[in-house]
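Fit chain B to the known structure of chain A by using the hints.
Chains as they are written, first to last, in our numbering: chain A, 1 to 409; chain B, 1 to 409.
Among the clues, some could well be false.
[Stated by the list, open to error] To give an idea of the chain A side of the interface with chain B (calculated C-beta under 10 angstroms), a few residues: (1) N117; (2) N286; (3) L321.
Just so you know, the hints here were simulated from the structure itself, not pulled from any lab data.
Where is the CB? At the ideal position from N, CA and C, for every residue including glycine.
There are 2 protein chains.
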Amino acid sequence: MASATGTIPVRDQERALPGEGPRLARRAEAFASAFWAELGQVLARHPDMIFFGGGTPAHELMPVARLRDASLKAWADAPAALDYGEVAGYRPLREFIAAQMTGHGMAVDPEHLLLTNGSQQGIDLVGRVMLDPGDAIVIEAPTFLGAFQTFAAYEVTYLMAPTDEHGLRIDALERLLADQTRPPKLIYTIPTFQNPTGTTQPRARREALLALARAHGVLVVEDDPYGTLRYDGDHEPPLRALDPDVIYLGTFSKTLAPGLRVGWIAAPANLIGLFHSAKEGVDIHNERIMTRTVYHAVAGFLDDHLAHAREVYRGRRDALLAALRQHLPGTVRWSEPEGGFFVWVTLPEGLDTEALLPRAADAGVAFFPGTWFYPHDPDRRALRLSFSTMPKDRLVEGARRLGDVIRRQ
Amino acid sequence: MASATGTIPVRDQERALPGEGPRLARRAEAFASAFWAELGQVLARHPDMIFFGGGTPAHELMPVARLRDASLKAWADAPAALDYGEVAGYRPLREFIAAQMTGHGMAVDPEHLLLTNGSQQGIDLVGRVMLDPGDAIVIEAPTFLGAFQTFAAYEVTYLMAPTDEHGLRIDALERLLADQTRPPKLIYTIPTFQNPTGTTQPRARREALLALARAHGVLVVEDDPYGTLRYDGDHEPPLRALDPDVIYLGTFSKTLAPGLRVGWIAAPANLIGLFHSAKEGVDIHNERIMTRTVYHAVAGFLDDHLAHAREVYRGRRDALLAALRQHLPGTVRWSEPEGGFFVWVTLPEGLDTEALLPRAADAGVAFFPGTWFYPHDPDRRALRLSFSTMPKDRLVEGARRLGDVIRRQ
Numbered sequence: 001m002a003s004a005t006g007t008i009p010v011r012d013q014e015r016a017l018p019g020e021g022p023r024l025a026r027r028a029e030a031f032a033s034a035f036w037a038e039l040g041q042v043l044a045r046h047p048d049m050i051f052f053g054g055g056t057p058a059h060e061l062m063p064v065a066r067l068r069d070a071s072l073k074a075w076a077d078a079p080a081a082l083d084y085g086e087v088a089g090y091r092p093l094r095e096f097i098a099a100q101m102t103g104h105g106m107a108v109d110p111e112h113l114l115l116t117n118g119s120q121q122g123i124d125l126v127g128r129v130m131l132d133p134g135d136a137i138v139i140e141a142p143t144f145l146g147a148f149q150t151f152a153a154y155e156v157t158y159l160m161a162p163t164d165e166h167g168l169r170i171d172a173l174e175r176l177l178a179d180q181t182r183p184p185k186l187i188y189t190i191p192t193f194q195n196p197t198g199t200t201q202p203r204a205r206r207e208a209l210l211a212l213a214r215a216h217g218v219l220v221v222e223d224d225p226y227g228t229l230r231y232d233g234d235h236e237p238p239l240r241a242l243d244p245d246v247i248y249l250g251t252f253s254k255t256l257a258p259g260l261r262v263g264w265i266a267a268p269a270n271l272i273g274l275f276h277s278a279k280e281g282v283d284i285h286n287e288r289i290m291t292r293t294v295y296h297a298v299a300g301f302l303d304d305h306l307a308h309a310r311e312v313y314r315g316r317r318d319a320l321l322a323a324l325r326q327h328l329p330g331t332v333r334w335s336e337p338e339g340g341f342f343v344w345v346t347l348p349e350g351l352d353t354e355a356l357l358p359r360a361a362d363a364g365v366a367f368f369p370g371t372w373f374y375p376h377d378p379d380r381r382a383l384r385l386s387f388s389t390m391p392k393d394r395l396v397e398g399a400r401r402l403g404d405v406i407r408r409q
Numbered sequence: 001m002a003s004a005t006g007t008i009p010v011r012d013q014e015r016a017l018p019g020e021g022p023r024l025a026r027r028a029e030a031f032a033s034a035f036w037a038e039l040g041q042v043l044a045r046h047p048d049m050i051f052f053g054g055g056t057p058a059h060e061l062m063p064v065a066r067l068r069d070a071s072l073k074a075w076a077d078a079p080a081a082l083d084y085g086e087v088a089g090y091r092p093l094r095e096f097i098a099a100q101m102t103g104h105g106m107a108v109d110p111e112h113l114l115l116t117n118g119s120q121q122g123i124d125l126v127g128r129v130m131l132d133p134g135d136a137i138v139i140e141a142p143t144f145l146g147a148f149q150t151f152a153a154y155e156v157t158y159l160m161a162p163t164d165e166h167g168l169r170i171d172a173l174e175r176l177l178a179d180q181t182r183p184p185k186l187i188y189t190i191p192t193f194q195n196p197t198g199t200t201q202p203r204a205r206r207e208a209l210l211a212l213a214r215a216h217g218v219l220v221v222e223d224d225p226y227g228t229l230r231y232d233g234d235h236e237p238p239l240r241a242l243d244p245d246v247i248y249l250g251t252f253s254k255t256l257a258p259g260l261r262v263g264w265i266a267a268p269a270n271l272i273g274l275f276h277s278a279k280e281g282v283d284i285h286n287e288r289i290m291t292r293t294v295y296h297a298v299a300g301f302l303d304d305h306l307a308h309a310r311e312v313y314r315g316r317r318d319a320l321l322a323a324l325r326q327h328l329p330g331t332v333r334w335s336e337p338e339g340g341f342f343v344w345v346t347l348p349e350g351l352d353t354e355a356l357l358p359r360a361a362d363a364g365v366a367f368f369p370g371t372w373f374y375p376h377d378p379d380r381r382a383l384r385l386s387f388s389t390m391p392k393d394r395l396v397e398g399a400r401r402l403g404d405v406i407r408r409q
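Bound conformation, chain A alone (with noise of 0.2 angstroms):
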């Protein structure tokens, strides 16, 4: 469903133009199905459906009002901001996001941050700037499909690094670079909170992630959307913190909301002209006012609002988790996450969470099957859930229903 299609449209016969169709290029063969539409009607199948859904905060944590208000002073920058300009994205907001990353051990110069349309364009953005096609990319098994969505249309292979309860394994990734006879380009990872496992990372493995990329001459780019976002446990530096060579993506749309499409890259210096040069290619700048609406809605303001998130999406986590643990089969086992919003559950052999899917959601739970995670071999038997944008009541009959619809397989 995530993979590649492979499914070309065909004209009718009468519109063809001579010979052919229209000529494609030949990375719109790897382009994904549309994707949320089939999820819909998944969604349909039941009239109180709990869907252990998307990757998005809570209604009730989007700060509309300040929002609205920020908008406001946004607005009164108009003419001017309403001109084409600041290919970088607006300064102050730049420096907001400088101080904040300093705050969290990634010192960076505004200069060397570039706002786009979220984190799905800053990915796209590393295409454009380092990928051709036939280049190998590492990254996880599994990992966020709208990355290897975004990577397959520069038509690269994938080396899928297997993870495990502290996410990517090292001594894989050490075996997987040992075996090339040219070196990927990058290592596209989520350590912290990763989706869709929910893992995290230790120190040690980060170091030794690093130290090995380095040895190889392999670029580093880490998604970082939930950082910001933990619950417990001890504070992990992002890999940025420990190496300024690492390209780093971060976004609003966990910590505010992702239909503002405000996201950013930070990139060493050596790169981030040829990023500014990407983006201006292929949409010159981001929205104006929305990237001032989201500077006046942060300043003095985000770290509260990220204090109250906490405290919310906390107790969705234990919830679910004890949930998990109530209504749940023996056999089953998941990730414990210590921030984000998702846990990883894993059947037992011999089950398939994609053939399931239809079958739970006409008991009312749906979730995304982990198959959705891999853009090949995946492990069948893996579903992710989501805690984020459900009151606890809900996320425990969720977890209730799922634990049935196990069983009567």
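Chain B only, in chain A's frame:
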């Protein structure tokens, strides 16, 4: 300046990865240099600079109060509109655009429209869906520099079709297409009030272009940012009105404001799904508050707004053309646009407008040299003047300064 720089940043010794710096994508070699920074230095050369600059609407014609009020209506849809959603873009805005296009002879279903971050992203998505390295594409000589900068990232070769006072020359296009062993993938054209020449293709040429494209199996991409800004002369049908297989790029950048970053693609039924997939891969979807804001701003307003804008721009065009007649030497030629923002000026044999620019800047007048509008083999005698942003007296004074500078060569 707008052409490939070939300059790839090199890391200093100490930070270098073993053996080499970061290995970039081949396409990064074609990334343009930071163009506006260079221009900024030129503009700083005089305290009272008259800049016949970018393709932007006048500040006083940006409907700021209406947009700000519209944004409050948009925020009423939060928090739902702050979630992920609407890959194709806010449906009421697509319905509005479909109605406008249908009114201009281009019947289109809102389902076949995709909102983009301005036309620039439309151009990029065309590249992403259609173009492989080594493909040839036809562009007009000269043409919009943002287009070939973006196509360059797809590692294409350009077949440059000469233009005259009626736009793209069909005889030349015919020879160009006949000469190819493999037909080019697409023809990128701005048939109406072209950037940078200001010229418009008459209907007979449009029909001939479409017939040639169809005979050779070449997709036509019509970029139409200025089409609704006609000041006199007869309406010419957009290519999309003559052939529904044309991919049409539209934008609010010239009719409202470019900083909003809202444009659209209209694609045939057999291609629109691929554009959705491509958009999802590059940034998931447009920012959802601004697309709503634009909808609430344009509904019941755009037609009147455009009528007023045309009045203002017509007066400015007339003032500039009269001033050129008065102040430029008799050996200079220029286009007489019936709409849009641009006049294309051609100096006598032997003059070089890129060399002229710093001297003109010292005299308080600046322009875009013609060389910037060709990926290679530029006409060095031409320059582009935009009349959209300045009051008449500044246009007249600018023409006077320009005449003096030319006369001094």
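Here is what the structure says about each hint:
1. N117: This hint holds: A/N117 lies near chain B, its Cβ roughly 4 angstroms from the closest one there, short of 10 angstroms.
2. N286: holds (7 angstroms)
3. L321: violated (25 angstroms)
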